[in-house]
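2 protein chains.
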Amino acid sequence: MEPEFSAAAHELVDWIANYIRTVDQYPVRARTAPGDIARAMAAHAPANGEPLEVILRDAREKLLPGITHWQHPGFLGYFGITASTPGILAEMLAAALNVNGMIWATSPAATELEQVVMRWLAEVLGIGDAWFGQITDTASTSTLLALAAARDADPSIDARGRGLAGRADLPALRVYCSEFAHSSVDKAVMTLGIGHQNLVKIPVDQRFRLRPDALASAIAADRAAGYRPIAIVATVGTTSVASIDPVNAIADIAEREKLWLHVDASYAGAAAIAPEFRWVLDGVMRVDSLVVNPHKWMAVPVGCSALWVRHAESLRRAFTLVPEYLRTSAGDVLDYHDVGFQLGRPFRALKLWMVMRAYGVNGLAGIIRKHCALAKQFAAWVRAGDGWEASAPVELSLVCFRYAPKGMSPAEADAANTRILETVNKGGHALLSHTKLNDRVVLRLAIGNFRTEEQHIHTAWADLQAAARGET
Amino acid sequence: MEPEFSAAAHELVDWIANYIRTVDQYPVRARTAPGDIARAMAAHAPANGEPLEVILRDAREKLLPGITHWQHPGFLGYFGITASTPGILAEMLAAALNVNGMIWATSPAATELEQVVMRWLAEVLGIGDAWFGQITDTASTSTLLALAAARDADPSIDARGRGLAGRADLPALRVYCSEFAHSSVDKAVMTLGIGHQNLVKIPVDQRFRLRPDALASAIAADRAAGYRPIAIVATVGTTSVASIDPVNAIADIAEREKLWLHVDASYAGAAAIAPEFRWVLDGVMRVDSLVVNPHKWMAVPVGCSALWVRHAESLRRAFTLVPEYLRTSAGDVLDYHDVGFQLGRPFRALKLWMVMRAYGVNGLAGIIRKHCALAKQFAAWVRAGDGWEASAPVELSLVCFRYAPKGMSPAEADAANTRILETVNKGGHALLSHTKLNDRVVLRLAIGNFRTEEQHIHTAWADLQAAARGET
Numbered sequence: 002m003e004p005e006f007s008a009a010a011h012e013l014v015d016w017i018a019n020y021i022r023t024v025d026q027y028p029v030r031a032r033t034a035p036g037d038i039a040r041a042m043a044a045h046a047p048a049n050g051e052p053l054e055v056i057l058r059d060a061r062e063k064l065l066p067g068i069t070h071w072q073h074p075g076f077l078g079y080f081g082i083t084a085s086t087p088g089i090l091a092e093m094l095a096a097a098l099n100v101n102g103m104i105w106a107t108s109p110a111a112t113e114l115e116q117v118v119m120r121w122l123a124e125v126l127g128i129g130d131a132w133f134g135q136i137t138d139t140a141s142t143s144t145l146l147a148l149a150a151a152r153d154a155d156p157s158i159d160a161r162g163r164g165l166a167g168r169a170d171l172p173a174l175r176v177y178c179s180e181f182a183h184s185s186v187d188k189a190v191m192t193l194g195i196g197h198q199n200l201v202k203i204p205v206d207q208r209f210r211l212r213p214d215a216l217a218s219a220i221a222a223d224r225a226a227g228y229r230p231i232a233i234v235a236t237v238g239t240t241s242v243a244s245i246d247p248v249n250a251i252a253d254i255a256e257r258e259k260l261w262l263h264v265d266a267s268y269a270g271a272a273a274i275a276p277e278f279r280w281v282l283d284g285v286m287r288v289d290s291l292v293v294n295p296h297k298w299m300a301v302p303v304g305c306s307a308l309w310v311r312h313a314e315s316l317r318r319a320f321t322l323v324p325e326y327l328r329t330s331a332g333d334v335l336d337y338h339d340v341g342f343q344l345g346r347p348f349r350a351l352k353l354w355m356v357m358r359a360y361g362v363n364g365l366a367g368i369i370r371k372h373c374a375l376a377k378q379f380a381a382w383v384r385a386g387d388g389w390e391a392s393a394p395v396e397l398s399l400v401c402f403r404y405a406p407k408g409m410s411p412a413e414a415d416a417a418n419t420r421i422l423e424t425v426n427k428g429g430h431a432l433l434s435h436t437k438l439n440d441r442v443v444l445r446l447a448i449g450n451f452r453t454e455e456q457h458i459h460t461a462w463a464d465l466q467a468a469a470r471g472e473t
Numbered sequence: 002m003e004p005e006f007s008a009a010a011h012e013l014v015d016w017i018a019n020y021i022r023t024v025d026q027y028p029v030r031a032r033t034a035p036g037d038i039a040r041a042m043a044a045h046a047p048a049n050g051e052p053l054e055v056i057l058r059d060a061r062e063k064l065l066p067g068i069t070h071w072q073h074p075g076f077l078g079y080f081g082i083t084a085s086t087p088g089i090l091a092e093m094l095a096a097a098l099n100v101n102g103m104i105w106a107t108s109p110a111a112t113e114l115e116q117v118v119m120r121w122l123a124e125v126l127g128i129g130d131a132w133f134g135q136i137t138d139t140a141s142t143s144t145l146l147a148l149a150a151a152r153d154a155d156p157s158i159d160a161r162g163r164g165l166a167g168r169a170d171l172p173a174l175r176v177y178c179s180e181f182a183h184s185s186v187d188k189a190v191m192t193l194g195i196g197h198q199n200l201v202k203i204p205v206d207q208r209f210r211l212r213p214d215a216l217a218s219a220i221a222a223d224r225a226a227g228y229r230p231i232a233i234v235a236t237v238g239t240t241s242v243a244s245i246d247p248v249n250a251i252a253d254i255a256e257r258e259k260l261w262l263h264v265d266a267s268y269a270g271a272a273a274i275a276p277e278f279r280w281v282l283d284g285v286m287r288v289d290s291l292v293v294n295p296h297k298w299m300a301v302p303v304g305c306s307a308l309w310v311r312h313a314e315s316l317r318r319a320f321t322l323v324p325e326y327l328r329t330s331a332g333d334v335l336d337y338h339d340v341g342f343q344l345g346r347p348f349r350a351l352k353l354w355m356v357m358r359a360y361g362v363n364g365l366a367g368i369i370r371k372h373c374a375l376a377k378q379f380a381a382w383v384r385a386g387d388g389w390e391a392s393a394p395v396e397l398s399l400v401c402f403r404y405a406p407k408g409m410s411p412a413e414a415d416a417a418n419t420r421i422l423e424t425v426n427k428g429g430h431a432l433l434s435h436t437k438l439n440d441r442v443v444l445r446l447a448i449g450n451f452r453t454e455e456q457h458i459h460t461a462w463a464d465l466q467a468a469a470r471g472e473t
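For the record, the sequence lines run as chains A and B. FYI, the numbering for the first sequence is 2 to 473, going by my numbering. FYI, the numbering for the second sequence is 2 to 473, going by my numbering.
A hint or two may mislead.
Since the list gives no way to pick one copy over another, a pair counts as held whenever it fits inside one copy or between any two copies.
Pairs of lysine to any residue residues, derived as SDA-like cross-links and limited to a Cα-Cα distance of at most 20 Å, are as follows [to be verified]:
(1) K63 x P35
(2) K437 x L322
(3) K202 x L322
(4) K427 x R328
(5) K202 x T321
(6) K427 x S330
(7) K437 x A331
(8) K371 x G361
(9) K437 x E423
(10) K437 x S330
(11) K437 x R328
(12) K377 x E390
(13) K371 x E3
(14) K259 x H312
(15) K377 x G388
(16) K202 x R163
(17) K427 x D333
Hints in this document: simulated from the structure, not taken from any laboratory.
Work out the full structure: start from the sequences and follow the hints.
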């Protein structure tokens with residue numbers, strides 16, 4: 002009855018091995034037009050089962066053209082990610098075991114390995130051991146959980162129990178972050194009923210870092226106006242520009258004002274694995290919660306987001322609820338469903354454990370170091386390039402830059418950069434993305450894939466220059 | 002630098018093939034004591050990389066004892082799930098491609114295949130095509146999204162923008178569900194700032210179904226008391242007892258009261274694949290949102306939760322927010338991040354597509370049919386058993402039952418059933434779970450694993466009887 006596994010799986014392993022080896026021969030960005038893939042699919046589910054070989058062939062022939070190859074070493078947009086070999090193996094094993102680690106008893110190994118690797122990772126990042134860690138699917142979820150804990154930290158608020166509406170005792174709550182914070186912070190306050198209008202975006206300095214003085218003023222003004230500040234989000238490595246908010250100065254304010262301080266280090270936190278970049282997490286020992294995404298710069302397949310809070314209790318206060326059917330006689334154990342809103346929990350610790358072991362701390366640090374050096378190299382080319390300029394300091398592995406030759410108006414340069422980006426991405430050797438800095442279009446080259454080498458950023462640079470010259 | 006994939010992967014495929022074949026030889030429930038697995042792990046991440054073979058050997062030798070084998074055909078607790086062979090293959094391929102389908106452009110195939118399979122599934126379930134579908138990680142997330150849409154359906158509430166606190170114009174919001182609804186509903190109202198006290202639990206009838214008359218009264222009383230009712234959650238297949246709320250009668254009330262109606266059919270919805278069970282979704286054509294979990298009764302590996310709403314717009318109203326760095330020139334395409342709070346999106350559609358094709362509609366229906374027949378069979382044994390009783394009607398593949406011989410007080414019977422459960426689960430052939438019905442301890446035997454056959458429930462029944470007789 003069940004389709005036979007071995008033959009198809011061995012064939013797929015060979016295909017995957019070849020894919021990893023040859024992924025640089027695909028165009029990075031999918032070239033299909035909207036609707037092409039949908040039209041290539043059958044209109045209805047089949048009445049009867051089809052052979053695995055046929056399905057896998059369809060995946061290769063009909064779906065692959067619609068894949069943007071995040072594994073291509075020329076993928077330099079957003080933040081790069083890597084399906085490392087230990088990561089793929091871990092996902093294979095996790096899929097076969099297919100456990101749901103919702104409570105300790107439904108797989109002690111899932112719960113305990115998660116605790117172990119979260120301790121490993123905290124140690125490797127140099128943030129100490131006074132944390133409670135868990136792995137979620139995305140930084141969006143991690144930040145949502147952290148801000149839920151922040152919201153419910155003050156028992157007089159009791160959003161969890163009483164809700165926020167219809168209460169004469171409760172003014173509007175306020176959360177603070179820089180104008181460069183990630184959209185997941187906006188979505189968290191929207192989801193939690195705090196409201197987007199109550200997320201106060203603090204201006205940044207010339208290096209795109211949250212300005213503590215402006216933060217302090219905003220909090221003071223809000224208190225005077227009758228709002229209830231509850232939390233601050235600092236970003237270590239903003240999405241647009243990888244700027245690093247001054248966590249220590251922000252922590253001074255958070256401590257004085259008794260506000261929860263959450264640090265979003267989804268991308269840049271991993272840099273702290275390399276001792277010379279440990280400074281990116283300066284001050285994090287003082288904060289209440291921290292998110293770092295191993296599925297970004299640590300070669301763990303999506304999704305694997307590491308969330309730490311000081312005490313499990315802060316998350317339990319917001320989320321604990323144990324229905325009868327989940328009670329067990331296992332005694333004093335950690336049931337992870339109790340510290341979040343998602344009951345189902347795939348065995349995500351496995352891939353983090355396998356990747357950390359397969360690369361080792363030195364292996365991971367070496368790649369991060371290499372990526373940062375490549376970014377410096379690329380930025381040097383840009384600065385030396387005719388008509389090109391770096392648009393922001395290169396803190397880590399992200400370069401923000403722009404084509405703006407003399408005599409071109411800022412608006413003309415915006416249009417030129419938009420055109421250059423599209424030309425390069427269409428070309429297929431590299432994929433870059435963009436953002437806006439000081440209201441001007443800026444290109445982003447982000448190095449994060451473990452297979453990216455100098456040749457790939459060199460090709461990207463050649464393509465960028467050709468596009469600027471009007472070649473396609 | 003990167004660990005070589007092929008040799009380790011082929012070896013792992015052989016191990017997985019053998020695991021699937023022989024999983025019934027493991028004890029279902031892990032026998033490790035709290036802390037055993039953690040102690041078996043290294044205290045620190047290794048400085049240098051280790052060979053994949055060593056890591057995989059450790060996984061087999063040190064982690065496997067801490068695995069509760071959800072793939073064991075004797076896994077009859079909670080709701081059973083299956084790592085089917087097409088499901089495992091899909092996870093292998095998804096891990097290797099490792100795309101993030103946050104927007105259409107970052108892999109058109111991920112977005113378009115998701116739209117295609119969600120249409121397939123809606124058709125197969127017989128719920129029509131007037132839906133917008135998406136796949137999330139868990140039913141918890143799906144229900145959270147649905148209730149966020151419900152909360153923001155009335156523009157005068159604008160929880161998303163203005164938040165719920167500090168508003169003189171806004172009374173407490175209210176949501177309604179049966180006292181047998183899943184804890185994910187509780188967690189959703191807690192998370193969304195609606196508040197747990199504002200989730201009104203409606204009493205059930207003798208078949209554990211939400212009582213529409215009690216619902217209507219509760220809504221009327223709340224309106225009279227100044228609350229603002231916003232949504233009702235009906236459950237098709239409750240976790241404790243698989244009871245099926247009368248969706249049509251509830252939809253009458255929702256329409257009259259202009260309330261959002263969400264249906265949680267996470268477990269039981271899949272039954273509608275078999276024509277004779279299509280009645281479980283009666284009335285669903287009238288509701289606003291619906292969740293069915295293919296990772297439960299459809300042999301798709303965790304996590305794969307299917308959420309439908311009438312219009313993408315209802316989710317966009319709650320969640321849309323497009324930062325500059327996610328804007329593309331792709332034109333009029335669906336960017337899935339825009340209809341939820343999670344930015345990261347693994348390629349989950351792949352496994353649903355591969356499983357539906359590999360089994361076909363008839364294959365899936367056949368297994369659901371078999372599971373329901375096995376449940377009837379087991380219930381017949383229980384009813385004929387000396388001192389045993391069925392505790393609820395068997396609607397689908399879940400049997401609730403209890404050992405309560407004449408002369409035993411209810412409290413004594415509770416203790417006996419708790420002991421029987423622990424004895425059976427310790428035995429290793431089967432894993433059952435429990436719940437409480439009418440305040441009495443009741444055992445749950447839930448059939449959902451595609452590899453479960455009559456022999457496995459027969460063994461479970463033999464073990465239960467032996468445990469009741471005091472044998473261990």
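Structure-based check of each hint:
no., hint, result
1, K63 x P35, "within (14 Å within a copy, 48 Å between copies)"
2, K437 x L322, "between (43 Å within a copy, 16 Å between copies)"
3, K202 x L322, "between (34 Å within a copy, 15 Å between copies)"
4, K427 x R328, "between (55 Å within a copy, 16 Å between copies)"
5, K202 x T321, "between (31 Å within a copy, 18 Å between copies)"
6, K427 x S330, "between (59 Å within a copy, 12 Å between copies)"
7, K437 x A331, "between (53 Å within a copy, 18 Å between copies)"
8, K371 x G361, "within (16 Å within a copy, 48 Å between copies)"
9, K437 x E423, "within (16 Å within a copy, 60 Å between copies)"
10, K437 x S330, "between (55 Å within a copy, 15 Å between copies)"
11, K437 x R328, "between (51 Å within a copy, 11 Å between copies)"
12, K377 x E390, "within (13 Å within a copy, 73 Å between copies)"
13, K371 x E3, "between (46 Å within a copy, 14 Å between copies)"
14, K259 x H312, "within (17 Å within a copy, 42 Å between copies)"
15, K377 x G388, "within (18 Å within a copy, 77 Å between copies)"
16, K202 x R163, "between (28 Å within a copy, 15 Å between copies)"
17, K427 x D333, "between (56 Å within a copy, 18 Å between copies)"
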